[in-house]
Amino acid sequence: MSSPRDAIRLNHVSKAFAGRWAVRDLSFSVPRGSIFGLLGPNGAGKTTTLRMVMDILAPDEGSIEILGEPAGPSLRDRIGYMPEERGLYPRMVLEEQLLFMAEIKGANRAEAVRRLPSWLDRMGLGERRRSKVNELSKGMQQKAQFIATVLHDPDVLILDEPMSGLDPVGTDVMRGALLEMSREGKTLILSSHQMETVERLCDGIALIHRGEKLLDGAVSEVKRRYGKNTLVLAYEGDGAFIAGLDGVAKVTDFGRHVEVRMADGADPQTLLREAAARLRVSRFEIVEPSLHEIFVEQVTAHGGSAAA
Amino acid sequence: MSRLWPVVRREYLERVRSKAFVIGTILGPALMAAFTVLPGLVMAKQRGKPLRIAVLDASGSLRGPVEAALGDRKTGGDHRFVVEDAGTGPVDEIRTRLRQRVLDGSLDGYLYLPPDALQASVAEYHGKNVSNVMDLGLLDKAVEDALIGRRLAVQGLPADKLKDVMRRLDLRRMRVSASGEREDRGGSFFLSMILMMILYTTVAMWGAALMNGVIEEKANRVVEVVVSSVSPTRLFAGKLLGVGAAGLTQFLVWAGFMAGLALFGGAAFLGGQIPEVSPLVLVLFVVYFLLGYFLYGALYAAVGAAVNSQQEAQSLVFPVMLPLIAGVMLFPAVLNSPDSVLSTTLSLIPFWTPILMFLRVSALTPPTWQIVLSIVLTLATILVLNWAAARVYRVGILMYGKRPTFPEILRWVRTP
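If you're matching them up, the sequences are chains R and W in order. Taking this note's numbering, the leading residue of the first sequence gets 653, the next gets one more, and so forth. Taking this note's numbering, the leading residue of the second sequence gets 507, the next gets one more, and so forth.
Read the hints as simulated data drawn from the structure, not as lab findings. Careful: at least some of the hints might be erroneous.
With a cut-off of at most 30 Å between alpha-carbon atoms, the simulated DSBU-like pairs for lysine-lysine come out as follows [unchecked claim]:
| id | chain 1 | residue 1 | chain 2 | residue 2 |
| --- | --- | --- | --- | --- |
| 1 | W | K580 | W | K634 |
| 2 | R | K790 | W | K908 |
| 3 | W | K634 | R | K790 |
| 4 | R | K784 | W | K525 |
| 5 | R | K880 | R | K902 |
| 6 | W | K525 | W | K634 |
| 7 | W | K647 | W | K580 |
| 8 | W | K580 | W | K669 |
| 9 | W | K525 | W | K555 |
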């Protein structure tokens with residue numbers, strides 16, 4: 653079954669806590685060198701899944717393969733893990749902390765010492781290297797946690813909500829770092845609520861809800877599967893009537909524009925004619941649906957509140 | 507083993523670099539020395555000023571001898587009492603006058619000898635301060651000597667023979683040990699007690715330090731990152747060893763300090779006599795600290811893993827400390843008869859060995875086989891407890907939410 657192309661492979665993995673399924677019959681695979689997004693509303697089982705990949709938790713059923721081997725202690729050193737709840741020793745000096753984290757991953761200390769300065773500079777922490785962690789801002793701690801994840805030069809990165817708590821500049825820095833890791837041939841799997849981030853970053857996704865997979869695949873393919881029945885409309889005037897038109901399945905208001913999802917078989921051109929007659933249309937475009945749209949639709953369709 | 511080392515080193519350095527450690531280690535012995543030496547120095551200083559005393563004699567025949575006896579008393583070459591004239595007149599009148607003088611401070615106190623003082627052997631001391639134990643002891647002796655001398659004179663003993671008859675016994679306590687005999691003026695009792703209290707305090711302190719480290723790691727979620735790199739069992743071992751090494755460092759500094767004191771000693775220490783601290787006692791002091799730390803440390807670490815916060819730990823930590831506290835409370839029984847069957851038995855129970863066996867070692871040297879047996883038994887207990895604690899730790903560190911009950915914790919031990 654194991655394909656050398658795939659860095660991570662989950663085969664029908666299930667995990668229950670106190671009789672409740674946290675993850676149920678979950679399968680997906682992540683090709684080497686790609687960035688994979690694990691999406692889902694709160695409590696969907698994302699963190700549990702990542703913990704199983706990390707071998708912190710053992711699956712009740714199914715199997716997990718990483719780099720062609722079954723998940724286990726022998727792989728720990730080749731994986732970098734950034735948990736959702738940040739974990740750094742608050743009273744420890746940043747530099748020593750990061751070296752410690754690399755060392756317990758089996759990194760050579762001298763090697764880690766050599767690599768550390770460029771990472772600190774890149775994350776804008778160069779001047780804070782002697783600071784204690786509890787003296788750093790939340791965003792800085794986040795970046796420090798990321799350095800702790802990559803300093804031992806792992807082949808696989810597992811990142812639970814890597815962007816949360818970062819300002820726009822920090823987000824760009826982080827995105828740049830993630831893309832570079834991917835270019836270097838490392839495999840990244842990340843969980844996120846931020847659809848825009850995922851959309852711009854990930855090659856493939858899996859959407860899970862209540863522990864079960866709703867869909868997965870390459871981002872482009874997932875979007876294509878949803879077809880060309882989404883259109884973006886920008887206009888002046890009161891567009892409230894659009895939702896009531898024939899053939900309109902759903903309208904999502906983004907403020908400056910609306911995203912309209914047409915019912916199957918409906919012709920977007922009828923909508924354009926109607927809108928042009930009653931509004932000043934400044935933009936009309938047939939697009940692929942955004943991941944946000946797919947996410948909300950899928951989750952609501954499966955009876956959950958989509959608190960993305 | 508390579509993964510163990512960074513954990514041990516981190517734990518060790520974090521502890522040793524902390525202010526609390528530096529203060530405790532360096533200032534600890536200084537404070538200890540201050541507490542033992544200072545009271546002696548202060549008392550010696552106070553002794554410089556003799557007490558002004560008047561003698562009010564209602565019996566009519568004792569004033570002379572009592573005043574003479576008081577005047578004779580010396581400590582460190584100085585007269586201890588200055589006898590002031592009580593004046594003359596009716597007893598009640600003199601008493602009122604003396605009380606006034608005590609109140610206005612021109613007199614420290616007066617001695618009242620009732621009419622039947624000689625027969626009943628009674629007297630009263632009236633003073634503003636009646637808690638100056640040493641001086642009143644001296645006064646007691648002086649008056650007693652005067653009364654006995656008076657009675658002997660009544661029986662017909664010539665005054666010049668009095669001194670020979672009244673010679674006091676000087677019981678010198680000689681402590682026998684392998685390195686020879688040495689006089690002991692009560693110092694070794696205090697030393698045993700002080701060393702035992704240090705053992706108790708440090709075992710509890712370093713155990714709590716270990717526990718708080720576990721709680722902190724869990725509360726900050728660091729543990730999740732760390733166990734994605736090191737197995738929980740190894741992390742547990744690393745923490746136990748690292749914190750233990752810091753404790754050992756502190757102990758070696760202290761043991762060195764005591765050895766230095768024994769070699770070069772301060773003259774003021776316990777009345778100019780430093781009790782002997784043999785090398786064996788020093789070595790076993792360190793050994794029993796380590797045994798105590800690893801035994802109780804396992805329990806403290808398990809408690810730390812089971813709870814979410816230090817507040818939650820309070821209620822679970824008490825049962826852990828109970829045997830330790832009980833051991834300290836048993837110390838008078840053991841120190842009184844270190845060789846009794848009871849003392850031997852108690853000191854061989856692993857939970858009490860670090861405290862009580864050490865107490866016996868410091869009070870007298872128990873047979874070697876008992877020392878060896880106590881160490882072997884404690885080591886075996888340490889192995890079992892740490893095995894169980896590591897299992898509790900493994901489950902507990904990733905458990906958040908409600909504090910587990912005791913049966914639940916036991917179940918964690920049994921899960922493979």
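Now for the hints, and whether the structure bears them out:
no. : hint              : verdict
1   : W:K580 <-> W:K634 : holds (22 Å)
2   : R:K790 <-> W:K908 : holds (28 Å)
3   : W:K634 <-> R:K790 : violated (66 Å)
4   : R:K784 <-> W:K525 : holds (15 Å)
5   : R:K880 <-> R:K902 : holds (14 Å)
6   : W:K525 <-> W:K634 : violated (46 Å)
7   : W:K647 <-> W:K580 : holds (12 Å)
8   : W:K580 <-> W:K669 : holds (16 Å)
9   : W:K525 <-> W:K555 : violated (43 Å)
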